[in-house]
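2 protein chains.
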Amino acid sequence: MSSPAFRPVATRRAFEEITSQIRGHLARQSLKTGDRLPSERNLADQFGVSRNTLREALRSLEIAGLLELKKGATGGAFIREGGGDAVVAGLSDLYRLGNIRPEHLTEARILIGTEVARLACARRTAADLKALEANVAEAEAASKAGDLGRRAEIHYEFHSLLARAAKNPVLTILTDALMEMTRHFVEAVGYQPNPYVMPSRKRLLAALRGKDGEAAAKEMASMLKRLQRFHLALYEETREKRK
Amino acid sequence: MSSPAFRPVATRRAFEEITSQIRGHLARQSLKTGDRLPSERNLADQFGVSRNTLREALRSLEIAGLLELKKGATGGAFIREGGGDAVVAGLSDLYRLGNIRPEHLTEARILIGTEVARLACARRTAADLKALEANVAEAEAASKAGDLGRRAEIHYEFHSLLARAAKNPVLTILTDALMEMTRHFVEAVGYQPNPYVMPSRKRLLAALRGKDGEAAAKEMASMLKRLQRFHLALYEETREKRK
DNA sequence: GGACTATAATTGGTTGAACCATTGAAATCA
DNA sequence: TGATTTCAATGGTTCAACCAATTATAGTCC
Numbered sequence: 001m002s003s004p005a006f007r008p009v010a011t012r013r014a015f016e017e018i019t020s021q022i023r024g025h026l027a028r029q030s031l032k033t034g035d036r037l038p039s040e041r042n043l044a045d046q047f048g049v050s051r052n053t054l055r056e057a058l059r060s061l062e063i064a065g066l067l068e069l070k071k072g073a074t075g076g077a078f079i080r081e082g083g084g085d086a087v088v089a090g091l092s093d094l095y096r097l098g099n100i101r102p103e104h105l106t107e108a109r110i111l112i113g114t115e116v117a118r119l120a121c122a123r124r125t126a127a128d129l130k131a132l133e134a135n136v137a138e139a140e141a142a143s144k145a146g147d148l149g150r151r152a153e154i155h156y157e158f159h160s161l162l163a164r165a166a167k168n169p170v171l172t173i174l175t176d177a178l179m180e181m182t183r184h185f186v187e188a189v190g191y192q193p194n195p196y197v198m199p200s201r202k203r204l205l206a207a208l209r210g211k212d213g214e215a216a217a218k219e220m221a222s223m224l225k226r227l228q229r230f231h232l233a234l235y236e237e238t239r240e241k242r243k
Numbered sequence: 001m002s003s004p005a006f007r008p009v010a011t012r013r014a015f016e017e018i019t020s021q022i023r024g025h026l027a028r029q030s031l032k033t034g035d036r037l038p039s040e041r042n043l044a045d046q047f048g049v050s051r052n053t054l055r056e057a058l059r060s061l062e063i064a065g066l067l068e069l070k071k072g073a074t075g076g077a078f079i080r081e082g083g084g085d086a087v088v089a090g091l092s093d094l095y096r097l098g099n100i101r102p103e104h105l106t107e108a109r110i111l112i113g114t115e116v117a118r119l120a121c122a123r124r125t126a127a128d129l130k131a132l133e134a135n136v137a138e139a140e141a142a143s144k145a146g147d148l149g150r151r152a153e154i155h156y157e158f159h160s161l162l163a164r165a166a167k168n169p170v171l172t173i174l175t176d177a178l179m180e181m182t183r184h185f186v187e188a189v190g191y192q193p194n195p196y197v198m199p200s201r202k203r204l205l206a207a208l209r210g211k212d213g214e215a216a217a218k219e220m221a222s223m224l225k226r227l228q229r230f231h232l233a234l235y236e237e238t239r240e241k242r243k
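Chains W and B, in that order, are what the protein sequence lines are. For the first sequence, my numbering gives the first residue as 1, with consecutive numbering after it. For the second sequence, my numbering gives the first residue as 1, with consecutive numbering after it.
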């Protein structure tokens, strides 16, 4: 219990040492967004490893979302603008593997979505509001055109925009991840029209205009709870069909 | 706006095709946790690529948290028990890079922590409660012994245990990620005694015993808000010092 | 017989040299 | 000037080795 708690010694592989060094430079700002690393051949020399080993290091940083590798004469390894792509991909993997189930997804969406709506009310800029209004208008157009797939995409985008308006990157990334999982879910159960979403969006916009956080939170919560019932029922249905 | 929206054609790299195939097998359960893939040499043959290319694919799956590579005669690539390591690492990277700032971290902790406490009350098992009680006892012992570093670790563990009691893997992983970021934060500003944490823990345990979700949520929220003020003040202090 | 020990086989880790494919800029030509 | 060609740099891929860790196995000693 209170023992010294030794950590496994874990013989570090060469590529790990390299990623660690590069991460270090990132942390202390000696490498920053947009910078270009030397070429693979050059870096391999500097680190004193073969090009193959160096490539494994770059590959792992690419997967982690820290680098972007471009081909060609002016190509190379560039420090990426920090999006949470790796986080989104990671949660998406867990969903696909069944470690996260639809009921977990819907529950998390309710929790996060409600707070996002509340915060967005308090922190939204005029530009945020404008983007959200445009999104709802687009959704309406797609709805009228009967393009369910497109409407779904626009709906995901709404949540993403709202999260950005909340001005907290943790919530932004998490929302994007939840939407990505929802995308998988919806693709599996099929697109279905949700007649209560559009009216809810309009009430939400009204709350955002008036910066009424409580109203926005309430509206979002009730909408997501209806969506939850809708989605989980749909899921049970397709599950039975599969049998 | 409503144009056909072409997607970039993106010449797929060989290793991406491989990871995609393996992910596919994972999704449709033809590969499951604990399974061992054939050896690298064998896989390279099957995919018709060189061993180096195959290794980049395995490496990227390893970084994504899907595989674990073991050396030796009985080694190989094993399908990992799905933990959210990649997600934790990804958010951790974003924090280190400054894309997530301490105020975002503390805010997210309040939002998530409060809901986790509420859900944990409703869903905790007797075993969960026991583990949490043991954790608090340990924290008290470390506190008396004056071991701040160890006490901090035990405190992170408390949140992790509580999240597991809430029985939603999204919240579990997110909590782990938030704690990892907190760990970085605390290491940067230095360990400081928080006299109000231990009493709060006891009140929280009482709420958990009685399954009083509202009381637990309230207690957690107020504790985390105090911690937020404490942490952000500490952060400003060390920031000034750095100048 | 049973515990220890050398040995061999298997696996991931690493190396180095070579060639391909893409990209963009410099050189060339009309 | 402007379009075209050429060329050099870069990441992507291949091949053929060898190293290092790990474990099953056969052998050895008591």
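Read the hints as simulated data drawn from the structure, not as lab findings. Accuracy of the hints is not assured; some may be wrong.
Same chains, same label: a pair holds when it works inside one copy or across any pair of copies.
When the alpha-carbon atoms are kept at most 30 Å apart in a straight line, the in silico DSSO-like pairs for lysine-lysine are as follows [claimed, not checked]:
1) K130 <-> K241
2) K167 <-> K241
3) K32 <-> K241
4) K202 <-> K167
5) K225 <-> K167
6) K211 <-> K32
Fair warning: this is a prediction, and the values are worked out from it, not measured in the lab.
A quick look at each hint next to the structure:
With identical chains, the CA atoms of K130 and K241 are never at most 30 Å apart, being 43 Å at best within one copy and 41 Å at best between copies. For the identical chains of this complex, K167 and K241 are inter-copy neighbours only, at 28 Å across copies versus 42 Å inside a copy, given an alpha-carbon limit of 30 Å. Proximity of K32 and K241 under a CA criterion of 30 Å is satisfied inter-copy only: 23 Å between copies versus 52 Å inside one chain copy. Within a single copy, K202 and K167 get their C-alpha atoms as close as 22 Å, which meets the 30 Å cut-off; across copies the closest is 34 Å, which misses it.
In this assembly of identical chains, the alpha carbons of K225 and K167 lie at most 30 Å apart whether taken from the same copy (24 Å) or from different copies (19 Å). Proximity of K211 and K32 under a CA criterion of 30 Å is satisfied in neither setting, with 36 Å inside one chain copy and 48 Å between copies.
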